[in-house]
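Each chain, written out:
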Amino acid sequence: MPRETIELPYEVERLTILGEDGEVDEELVPDLDDDTLLRFHRTMLLARRFDERLLKLQRQGRIGTFAPVSGQEAAQIGSAACLEEADWMVPSFRETAAALWRGTPASALVLYAAGYNEGAAIPEDAHDFPIAIPVASQIPHAVGLAYGSKYRDAGEVVLVYFGDGATSEGDFHEALNFAGTYGTPNVFLCQNNHWAISVPRETQTAAKTLAQKGLAYGIPGIQVDGNDVLAVYAATREAVERARSGEGATLVECVTYRLSVHTTADDPSKYRDEEEVEEWKKRDPITRLQTYLESRDLLSEEDVDDLEEEIAGEVEKAWEEAEKRMEELGDPADMFDHHYAETPPHLEAQRERWTDG
Amino acid sequence: MTEAVETRTTTYREAMREAIREALQRDERVFLMGEDVGRYGGTFGVSRGLLEEFGEERIRDTPLSEGGFVGAGIGAAIGGMRPIVEVMTVNFSLLALDQIMNNAATLLHMSGGQINVPLVIRMTTGGGRQLAAQHSHSLEGWYAHIPGIRVLAPATLEDARGMLGPALEDPDPVIIFEHGSLYNMESELDGDAPPVDLTSAGVRREGDDITLVTYGGTLPTTLAAADELAGSGIAAEVIDLRSLRPLDTETILASVRKTRRAVVIDEGWRTGSISAEISARIVEGAFFELDAPIARVCSAEVPMPYAKHMEDAALPQVADVVAAAREVVGSRP
Ligand SMILES: Cc1ncc(C[n+]2csc(CCOP(=O)(O)OP(=O)(O)O)c2C)c(N)n1
Ligand SMILES: [Mg+2]
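Top to bottom, those sequences are chains P and D.
Going by the numbering used here, the letters in the first sequence line up with residues 106 to 462, in that order.
Going by the numbering used here, the letters in the second sequence line up with residues 119 to 451, in that order.
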């Protein structure tokens, strides 16, 4: 009756390719052409500037509450870039950069932030899900979606985003367990941005990493430097390939940081030190990539200036387009749309009452 | 004789905080737990400052797991503690519904009368704050459907201050709904703030012409409507239910017998709502005394719209209550 150790074939790797100083580990650099690298940079910068503009609009009372992405651009672009068009992207509520990469027009995102559900409409044929506010509730959806893909032999991989806080919800654990037993083609992409509103990562779990949470469910986990777009890309691509080749799901923990407020309803000065934020600003994912691209002569200071100007114009245009659409939308009677495939008589009756005043 | 204590002006939020503070001071078994209740002071600021005053053992930030911390609250209550569990909003309490209904409300029965669950759950409810379709509903009526729990809806500062103490003394589970639009409400409050009874409805305004029955977030709306009605010579009586389970049917019926007319104002969705229950009780108990059909003012039966003007359109407004009351008064037998 011995007491023995069970060998678990499990280890958690941590991957960094592009260091804080912009130096790379040449051995590990993923195979990416120059244009793609420049697109990474451009979309990350666009997401950042867009965020800043939305924050201003919110402060002016022109749009409602939204969750800024600043600081997490590499985690989102590096991962979303691994998906084919037919693969599925299932977001939580902070995936602005991933949505922009996947082709959601910036004007739609503004429209949604201004309170118009028309802005949440997913572009035709896009394999993206709507945002999910109840934390972690989208993770099981991603598993079901992937099960369907496997069943139909569709070859579509499903990547689902969620935060560090989400790993405490039952939905997260149930979804991983389900994916493990069914061998579904999923990538569970956790953006560990260190905070769940005011609750720090250490209060969320006593585990050393979030990546190791795959262990109990028979799913490999890897931790990556989430501010290193090359590492995020490399790790996610491996995970996507595993999924596509029928080897099942992977949990990817991107260690990153929420540089801004949780949402515009939040005031982080109540619970976190500005020094911590300053430390993370030094690890800014955009600066890091920019330094690398400059060192490879793919980008010059002038290019960046031009790009900034171009992006400013694009952000302005997105707001103007959204504003114009808002003038056409927002008839209160529209609130009765989109609750059933066909609006049933009892809701039509309510709509009429509202319309008659 | 108790000493005369001064009244002062305060807010609903502060009244609630004082109630929690007093409970913590009075009984060592009491502790507060929930998401962001500690360092952040609660999403709606109710517990601000309590962490500094009482320490981490008694003001506990939890991991993001509603099912987990409500379940842990049940266990702690059974084990002799007196937990106050805060759930951020009623929408997220649905993740804990199994714990609330299948467990908290049922364990006394399942244990053959052995195990009481003296748990208090507080949560924010309701719309009007542009928090959209997954944050803003008014589901008090659903909870009132569940036997085995007590459901309270404090709508005044006295109740915000006075309900928690007796709720903690109740051997059974109690849910307290705090409507988000009430937190900044200001009024005078007695310094000694006595505990209040948890079973009777309150008559917030007397009148002979029509009874307006409401609770929680729509009490201010209804009182404003009563003011407006008074301007055109209609004296409305306003009943604040205070407790949604059990319901104080007698107070409602006594008023309706006097006024012979009733409008029920409920921020929940109309179909299958607590407003339907109240209408049914009026019909069961005072049918022959009614001079007109009962009317209801409820929210549009849609997920809460996000844009401000659309959300306003979806929620019961003063003008809606006034119009409904006028119509009921206008219809002669
Ligand atoms: C089920 C549920 N509980 C509570 C909330 C309120 N809430 C919104 S976001 C959030 C924190 C989420 O943290 P994390 O998963 O780390 O994602 P992040 O916000 O950092 O991107 C909380 C508690 C919610 N939306 N859903
Ligand atoms: Mg987080």
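If you are wondering where the hints come from, they were derived from the structure by calculation, not from laboratory data.
Fair warning: there could be bad hints in the mix.
[To be verified] Simulated DEER-style distance windows between Cβ atoms:
#	chain 1	residue 1	chain 2	residue 2	range
1	P	E433	D	N220	43 to 49 Å
2	D	H427	P	A370	15 to 21 Å
3	D	G309	P	G166	49 to 55 Å
4	P	E425	D	P421	27 to 33 Å
5	D	P421	P	A370	16 to 22 Å
6	D	E324	P	H443	53 to 59 Å
7	D	E174	P	D442	32 to 38 Å
[Claimed, not checked] Some but not every residue of chain P turned toward chain D, in silico, with C-beta under 10 Å:
#	residue
8	T121
9	G124
10	H299
11	D371
12	Y376
13	E379
14	S405
15	L434
16	G435
17	A446
The C-beta atom is built at its ideal place from N, Cα and C for all residues, glycine as well.
Hints and how they fare:
1. P:E433 - D:N220: 43 to 49 Å: holds, 47 Å
2. D:H427 - P:A370: 15 to 21 Å: holds, 20 Å
3. D:G309 - P:G166: 49 to 55 Å: At 38 Å between Cβs, range violated.
4. P:E425 - D:P421: 27 to 33 Å: holds, 29 Å
5. D:P421 - P:A370: 16 to 22 Å: holds, 19 Å
6. D:E324 - P:H443: 53 to 59 Å: violated, 44 Å
7. D:E174 - P:D442: 32 to 38 Å: violated, 48 Å
8. T121: For T121 of chain P, the interface hint is violated, since the closest Cβ of chain D sits about 28 Å away, which is over 10 Å.
9. G124: Given a least distance of 32 Å, the restraint on G124 of chain P is violated.
10. H299: Interface hint status for H299 of chain P: violated (14 Å vs cutoff 10 Å).
11. D371: holds, 8 Å
12. Y376: At 4 Å from the nearest chain D Cβ, Y376 of chain P passes the 10 Å test, so the hint holds.
13. E379: Since chain D brings no Cβ nearer than about 15 Å to E379 of chain P, farther than 10 Å, the hint is violated.
14. S405: Violated - the Cβ of S405 of chain P stays beyond 10 Å from chain D, reaching only about 43 Å at its closest.
15. L434: holds, 8 Å
16. G435: Result: holds, 6 Å to nearest chain D Cβ.
17. A446: violated, 15 Å
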